[in-house]
Amino acid sequence: MYTVTYFPLKNKIVLTSNRDEKPNRSAQEIHSEKGIFYPKDATKNGTWFAVSESGNALILLNGAFENHPEKTNYQKSRGLIVLDLIEEENIFKSMELIDLENI
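Numbering (my numbering), first residue to last: 1 to 103.
The hints are simulated quantities; they were obtained by calculation from the structure and are not laboratory data. Just to be clear, a hint being listed does not mean it is correct.
To be verified - Okay, derived cross-link-like pairs now, DSSO-like style, lysine-lysine, Cα gap no bigger than 27 Å in a straight line:
hint: 1; residue 1: 40; residue 2: 12
hint: 2; residue 1: 34; residue 2: 93
hint: 3; residue 1: 71; residue 2: 12
hint: 4; residue 1: 76; residue 2: 93
hint: 5; residue 1: 12; residue 2: 44
hint: 6; residue 1: 12; residue 2: 34
hint: 7; residue 1: 44; residue 2: 34
hint: 8; residue 1: 76; residue 2: 40
hint: 9; residue 1: 76; residue 2: 44
hint: 10; residue 1: 12; residue 2: 76
hint: 11; residue 1: 40; residue 2: 71
hint: 12; residue 1: 34; residue 2: 76
hint: 13; residue 1: 44; residue 2: 93
Let the sequences and hints guide you as you build the complete structure.
As structure tokens, this is what we get:
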């Protein structure tokens with residue numbers, strides 16, 4: 001399960017995210033690369049939470065209404081999709097174009 005909180009303040013917002021889906025998977029401290037900051041999943045090298053210097057933020061959540069049947073072989077880790085999208089200038093447009101088959 002993931003828990004996300006959003007606190008709007010006068011001149012900024014505070015986002016928090018707690019990922020406890022697989023507590024045995026460790027994450028490194030905040031990783032910084034190409035102006036993107038994120039906790040890096042040590043197993044798959046992706047993330048569930050990324051923020052860019054331009055002010056964009058992405059948080060990965062699981063489906064809310066149905067449990068996703070877990071597979072052993074996916075085309076790409078969802079955490080890597082987060083890193084792909086956070087680099088894009090227009091995240092929403094990029095989300096429309098991305099192939100999520102077998103993700």
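Right, here's what the structure says about each hint:
1. 40 <-> 12: 24 Å, holds
2. 34 <-> 93: Holds, because 21 Å separates the two Cα atoms, which is no more than 27 Å.
3. 71 <-> 12: 39 Å, violated
4. 76 <-> 93: Holds - the C-alpha atoms of residue 93 and residue 76 are around 20 Å apart, at most 27 Å.
5. 12 <-> 44: Cα-Cα ~31 Å, so violated.
6. 12 <-> 34: Holds, at about 22 Å.
7. 44 <-> 34: 19 Å, holds
8. 76 <-> 40: 16 Å, holds
9. 76 <-> 44: 10 Å, holds
10. 12 <-> 76: 33 Å, violated
11. 40 <-> 71: With Cα atoms ~22 Å apart, residue 40 and residue 71 stay inside 27 Å; holds.
12. 34 <-> 76: 21 Å, holds
13. 44 <-> 93: Distance of about 26 Å is within 27 Å: holds.
Violated hints, in rising order: 3, 5 and 10; the structure is consistent with all others.
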